[in-house]
Amino acid sequence: MAPSAPSINSTNSRMATPRPSSYRYKSEKRGMTYNIMLVGQSGLGRRTFLNTLCEREVIAPAEPPNPDTANVADPMRFDTYEVNLEEEGTRISLTVIDTPGFGDGLDNTECFKQLQDYIEAQFDEVLVEESRIKRNRRYRDHRIHTLIYFITPTGHSLRELDIELIKRLGEYVNIIPVIGRADSLTVEELATFKQNVMRDIDYYKLPLYNFCWDESDSEALKENREIMDYTPFSVVTCDEVIDNEYGAVRVRRYPWGSIEIDDEGQCDFALLRYILLNSHIADLINYTEDVLYENYRTKKLEVGGFGDQEVDGDDDEDDEEPVAAKKE
Amino acid sequence: MASNDVQDYVGFDTITQQMERKFLKRGFNFNVILVGESGMGKSTLVNSIFASHLIDSQGRRAAQEVIRKTTEIAPVTQTLEENGVRVRLTIVDTPGFGDQCNNEGCWVPVIKYIKDQHAAYLERELKPQRDRVIVDTRIHACLYFLNPGSRGLRPLDVEVLKRLTEVTNVIPVIAKSDSMTIEERTAFKRRIKEELAFHRIVVFPYACEDDSEEDRVLNASIRELIPFAVVGSEEVMELDGKLVRGRRHGWGVINIFDENHSDFVHLRNFMLRTHLSDLVEVTAQRHYEQFRTSQLRQIKELRAQQAAAAATGGPHAMPTQAPPQAPVANVMQHQPMTQV
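So the sequences go chain by chain: A and B. Position 19 of the first sequence, counting from 1, maps to 19 under UniProt numbering, and the rest follow consecutively. Position 141 of the second sequence, counting from 1, maps to 141 under UniProt numbering, and the rest follow consecutively.
Isolated chain B, as found in the complex:
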């Protein structure tokens, strides 16, 4: 039977190109929060990863600058473009985190901010008249900066990581790893992994049932590297006749792109070249869903309580009224939304 007719080709495989065109038009949002003490190399690292000067270091330099008494939240948004693809990149810095003598509760503003973004998205989603494309300010990735030289997780790290991993994708890094020898790094990474496992702190990437074999292998190799021991730099210098981004010490030059020197390339590829869409998707499917479920449940319970109170009647009961006419958003505002 002659079935070489061109009509047998249906052509739905062009959906990928169609999606790409739409995507190119729309662009996407990517939001990253940086959590770590000042001086851990946060701004330099993020500027190195995106190869642009996105944020300035918020560290205290002049003597007159006041020492921060609390953790501030400082988001900066910029649009980057590469080969026609636009990303609205928001970097949220957290100056003041972990910098005081007493750091109890220094994580509260951070957790609140992350939850507030989920709440804002939920509010927009529940509006009767929704926007065609809901602006996504949810945090897709949290880079958590560990202190090089400590033997393992510090008490502050454990407290904060436990809470952060419940609301967002956490990627632990050691940003100033150029003062650790290779042996020290290996020992440190092993300890950190042990301690994370002990405290049941689950960092990104997560294992998923429908991961392909390829994904599993890739994720396993990423997990080997955690925490990423990286070196960041915005300075370009010459090394062996080439121009590289690096740090020049009196005893040698570090090339941040050299895999023998640091995990920088692995971190960048992981975040941007292999797992970027995962970070965005998992935020929506896992962290946001969790938040959404618990919020809606709370609202439902509240309504049930109000209905019960109204039904029992009596002089003390609330005057019978229809559930609040205002959009659900108003009800939500009365709830203790961000419980830390």
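One chain only, chain A, in its complex shape:
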């Protein structure tokens, strides 16, 4: 069921088209720069998701806080983790930003602005960097290429928090919705829930990442349409690895049975992982750089918010912009 888009070719095709204004530090040693943000209320499995994704313990289980901190809502934090991965021969220098505290307080209306500010700050950094006369060779791109948003498995529809988040952030970052703790839903409930969620997405016109944004490759388009049918991806993750007759498997054990995380019949985790780290990593990065960032840049420059930045008055810089960059 996993798409067979070869990852190596797609990365090569990216390297073959140099973009004067995009700025990434390419190094054999370092690998592809890739930044993922995880957003969701606590208890939906963000931490275990990261650990399972990277196949190692990136975030240790948090120390149980003192009982007196239960009613004090921590403001949302941005915790950064850096992991070097190798997927099918491609080195990835992955940065994951976790956002504990999102949606956990009594009043969560400030969270959206904080997330937006963070994402925009990364764009601004690149904007400044691009405009320098002397660019930093070791500059690292911190733009968020994917935002994984964890939905509570209510079995009903989207909640106000979900709708607001996607509405507010969809124009700045690729949002991929996942259902956390999907093992609390039966097969039928999951199917119904996915349907209801997608209906809400359509009804409220929520800007999720559109896997089919690149319509040039019809073969890939067909595959991407199939992938979109899985949205939102049901995710079950765990830290426990046991040995069975097939080797080491990651399972969650219940008195009534065990669920194997990597079994594609049980949940969409394996598919999602392949999409995130193999087949679509290039697409996600491309879309962020070519469309989301460019839109932001255009808006920002039109407003003229860069008056006091270190743009050394060199108008020739702007003339070098390839016209293609303004594609809408």
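Simulated from the structure, these hints should not be mistaken for lab results. None of these values were measured; they are calculated from a predicted model. From the three backbone atoms N, C-alpha and C, an ideal C-beta is built for every residue, glycine too. Any given hint could be a false lead.
Ranges of calculated distance between the beta carbons of each label pair, as one might list FRET restraints [said to hold, decoys possible]:
1) Ala60(A) <-> Glu125(B): 51 to 61 angstroms
2) Glu110(A) <-> Glu72(B): 20 to 30 angstroms
3) Asp56(B) <-> Arg168(A): 30 to 40 angstroms
4) Met228(A) <-> Ala62(B): 17 to 27 angstroms
Since the structure of chain A is provided, determine the placement of chain B on it from the hints.
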């Protein structure tokens, strides 16, 4: 001395049968309020406990359904009968609770509703011409639904539980516990108990001086289980040749009556088979009494103030008048009755 006369048997021990007959005739009221975010499994659980489809889930399903901006109160009453005993069961759902981005004050309609029932009962009690049997709409039990997966109580939980436990009997449950492994459940229960103790939140059952040894042991075992990690289901399916209520996952079938799978049986027995009359009695003796005392005190103070104002006389004093002729109920309506 021959004292085997039948006359030595007085027969007052038949009072229990007499009471039973009266009870059977009258039936009783049982009122339960469900507090928790949508999607926590409230309606399924309550339908499973009473083994009837009592309420429909109020969750948003169709995209056109508007997102609730506030907590609504939705009571549904039905009469159930078992072996000649009738219960007028009222289930009060609270759709919208905890569902918004900003949940400040989402508990206010809930607390107000509970206090209003106490107030209504007090009003009926104080009427000069009382009904022979006062209709009891007071909330006897509050099932509070915790979010599985959180490490412990959330800020919202602490705020709401503090207020709820002051006005009604609260039973904390985790309704969708089928996504927690046994280890996770144990750790979660331990944390919840610690946090409840820290915040001095007292949930039902309460310790009482005149509890018998048996009661103490039973209550202790109940307290061990809190919060109840349950799984609810209205679907019947076949498992090992038997028909059970359960949930069918791709990796196994949960039988809600299996004690190894969930605390459902313990919760049901606790609520209905061992502590049902306690829930009703404690509501009357503890929560209602507290409410009543504070209300009557307020009225007394108000009357004292009015009397003092009248006594000081002068052009600004209120015209001397007898205490309001209208039944006390009217006075009460002027009071800020439901202070949250």
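Comparing the hints with the structure gives:
Separated by about 58 angstroms at the C-beta atoms, alanine 60(A) and glutamate 125(B) satisfy the suggested range of 51 to 61 angstroms. For glutamate 110(A) paired with glutamate 72(B), a C-beta distance near 26 angstroms keeps the hint of 20 to 30 angstroms intact. At about 32 angstroms, the CB distance of aspartate 56(B) to arginine 168(A) agrees with the hint of 30 to 40 angstroms. For the pair methionine 228(A) and alanine 62(B), the beta carbons lie near 22 angstroms from each other, so the given range of 17 to 27 angstroms is met.
The structure meets every hint from the earlier list without exception.
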